[in-house]
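Participant: Chain residues, written in single-letter form:
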Amino acid sequence: MEIIIAILTLGGLGFIFAGGLAFADKKLKVEENPLIAEVNQYLPNANCGGCGKAGCYDFAVNVVEGKIEINKCPVCNDEARNEIAKLLGQEISTTIKKIPIIHCQGGNSKANKKEVDYIGPKTCKTINLISGGENLCYYGCLGAGDCVNACQFGALLINNDGLPQVIEELCTGCGICVKSCPRNLIELHPIDRNIFVYCKNEDEPKKAKEVCDVACIGCGICARKSDGGIIMKNNLAIVVYDSLDISKIPIEKCSTGAIKKKELYN
Amino acid sequence: MELFIIFFSAALINNFVLSYFLGICPFIGVSNKTSSALSMGMATTFVMVITSIVSWLLWNLILVPFHIEYLQIPSFILVIASLVQFVEMVIKKVSQPLYRALGIFLPLITTNCAILGLALLASMRNYSLIESLVFGFGAGVGFTLALFIMSGIREELELTDVPLPFRGAPITLITAGLLALAFMGFAGMI
Chain A
3 MEIIIAILTL
13 GGLGFIFAGG
23 LAFADKKLKV
33 EENPLIAEVN
43 QYLPNANCGG
53 CGKAGCYDFA
63 VNVVEGKIEI
73 NKCPVCNDEA
83 RNEIAKLLGQ
93 EISTTIKKIP
103 IIHCQGGNSK
113 ANKKEVDYIG
123 PKTCKTINLI
133 SGGENLCYYG
143 CLGAGDCVNA
153 CQFGALLINN
163 DGLPQVIEEL
173 CTGCGICVKS
183 CPRNLIELHP
193 IDRNIFVYCK
203 NEDEPKKAKE
213 VCDVACIGCG
223 ICARKSDGGI
233 IMKNNLAIVV
243 YDSLDISKIP
253 IEKCSTGAIK
263 KKELYN
Chain B
167 MELFIIFFSA
177 ALINNFVLSY
187 FLGICPFIGV
197 SNKTSSALSM
207 GMATTFVMVI
217 TSIVSWLLWN
227 LILVPFHIEY
237 LQIPSFILVI
247 ASLVQFVEMV
257 IKKVSQPLYR
267 ALGIFLPLIT
277 TNCAILGLAL
287 LASMRNYSLI
297 ESLVFGFGAG
307 VGFTLALFIM
317 SGIREELELT
327 DVPLPFRGAP
337 ITLITAGLLA
347 LAFMGFAGMI
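Chains A and B are the protein sequences, given in the same order.
Our numbering puts the first residue of the first sequence at 3, with every later residue one more than the last.
Our numbering puts the first residue of the second sequence at 167, with every later residue one more than the last.
Hints should not be assumed to be uniformly reliable.
[To be verified] For lysine to aspartate or glutamate, the following EDC-like pairs were computed, each having C-alpha atoms within a straight-line distance of at most 16 angstroms:
| # | chain 1 | residue 1 | chain 2 | residue 2 |
| --- | --- | --- | --- | --- |
| 1 | B | Lys258 | A | Asp27 |
| 2 | A | Lys99 | A | Glu171 |
| 3 | B | Lys199 | B | Glu324 |
| 4 | B | Lys258 | A | Glu34 |
| 5 | A | Lys31 | B | Glu254 |
| 6 | B | Lys259 | A | Asp215 |
| 7 | A | Lys112 | A | Glu136 |
| 8 | A | Lys116 | A | Asp27 |
| 9 | B | Lys259 | A | Glu33 |
| 10 | A | Lys29 | B | Glu254 |
| 11 | A | Lys28 | B | Glu254 |
| 12 | B | Lys258 | A | Glu33 |
| 13 | B | Lys259 | A | Asp27 |
Derived by calculation from the structure, the hints in this document are not laboratory data.
Computed from a predicted structure; not experimentally measured.
Between the sequences and the hints, there should be enough to build the whole structure, so can you do that?
Facilitator: Here it is, written out as structure tokens:
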């Protein structure tokens with residue numbers, strides 16, 4: 003008898019609460035836009051933060067609410083973007099893919115070394131803080147591969163010369179590597195840009211020549227001929243892409259080869 | 167007067183978190199911002215008050231008359247779990263950001279021993295319905311108070327230069343210990 007009462011009590015209680023909850027669930031149901039889940043499924047779900055939102059789900063919410071454009075996600079491929087646009091009935095403006103350019107050519111064979119060995123943690127951040135590394139150049143690549151470690155897509159590797167190299171097919175242009183470089187050597191550029199000054203050295207010409215074979219020594223030859231396509235700032239040539247006319251740039255005049263077309267790089 | 171004493175003893179003197187050390191999980195987990203600590207405190211207080219009523223009814227009208235007191239813990243847990251589910255639905259409906267800020271700690275109110283402890287203590291002390299209601303409310307207020315004080319201190323701690331080995335969890339636990347010591351000052355007031 004006692005066991006029946008026990009069963010009835012607990013069973014009845016469970017039944018009553020279940021009924022109450024089922025009722026409450028009906029009444030309090032939150033209408034979540036089903037589009038959000040569908041959009042989310044086309045997103046890369048890498049949660050890299052390249053769009054500036056707190057992860058892919060947040061991006062999907064904002065896209066559905068129209069607060070952000072679909073192509074603000076740098077990682078999505080065109081196929082996924084088109085699918086999302088179809089879901090939302092929007093047109094998307096196509097964006098040109100951006101890839102990171104590493105503004106240093108001073109690999110082990112080109113950069114001149116201090117007469118010291120660096121022994122310590124092999125991350126660029128540490129090396130940059132402690133001693134500036136083994137290279138004489140205080141602007142160049144440290145070669146410890148913070149950018150390689152930061153990349154979630156395996157699109158960067160350190161090549162034989164000790165410099166990072168971008169594998170364009172794998173790169174999604176999320177820009178994580180840009181933030182990882184303590185010397186700000188990495189910049190995102192549209193993939194069709196073709197000419198770059200592969201150097202960030204701001205030393206005086208004489209010193210720049212001493213520290214690296216391929217530094218921009220700030221001679222200004224390129225800037226004088228370029229008609230505003232290149233300007234000189236702190237002994238460094240900087241390309242102004244808005245007013246650039248590639249045919250006017252005397253690439254072959256650059257004595258160190260700091261300025262190059264992309265296909266000639268490495 | 168009796169009710170006053172029950173309320174203050176539950177809220178301050180025998181504070182559930184700082185004297186009985188019940189419900190430490192959300193006390194550490196949700197006390198990094200005052201706003202979410204307050205909301206968590208309110209959600210827990212709500213569950214505590216309703217639990218104290220329902221568990222009193224359950225205990226005095228069903229379990230004791232039918233002599234099945236041994237079902238006390240499972241049936242109380244059933245009550246608490248259903249109530250927490252209900253609160254979760256309400257919060258999700260009312261405030262999405264709050265729902266996300268509380269995160270896993272909201273369903274974890276279910277396993278918050280402060281609430282089961284409250285129901286068990288109330289039945290153990292043979293409180294009347296009104297008394298156990300006041301007891302539940304006092305316990306909820308005490309819990310909210312403890313969370314609120316802790317989150318306020320932790321917000322200040324964010325800005326201070328804590329020695330490296332103490333950053334994060336260690337300084338939080340030390341703070342919690344000092345806070346519990348401070349609450350010991352209420353002991354013996356009643």
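Participant: Hint by hint, note whether the structure agrees.
Facilitator: To see whether the hints hold, each was checked on the structure:
no.: 1; hint: B:Lys258 <-> A:Asp27; result: holds, 11 angstroms
no.: 2; hint: A:Lys99 <-> A:Glu171; result: holds, 11 angstroms
no.: 3; hint: B:Lys199 <-> B:Glu324; result: holds, 11 angstroms
no.: 4; hint: B:Lys258 <-> A:Glu34; result: holds, 11 angstroms
no.: 5; hint: A:Lys31 <-> B:Glu254; result: holds, 11 angstroms
no.: 6; hint: B:Lys259 <-> A:Asp215; result: violated, 65 angstroms
no.: 7; hint: A:Lys112 <-> A:Glu136; result: holds, 13 angstroms
no.: 8; hint: A:Lys116 <-> A:Asp27; result: violated, 70 angstroms
no.: 9; hint: B:Lys259 <-> A:Glu33; result: holds, 9 angstroms
no.: 10; hint: A:Lys29 <-> B:Glu254; result: holds, 13 angstroms
no.: 11; hint: A:Lys28 <-> B:Glu254; result: holds, 14 angstroms
no.: 12; hint: B:Lys258 <-> A:Glu33; result: holds, 11 angstroms
no.: 13; hint: B:Lys259 <-> A:Asp27; result: holds, 10 angstroms
The structure fails to meet hints 6, 8 from the earlier list, while all remaining hints are met.
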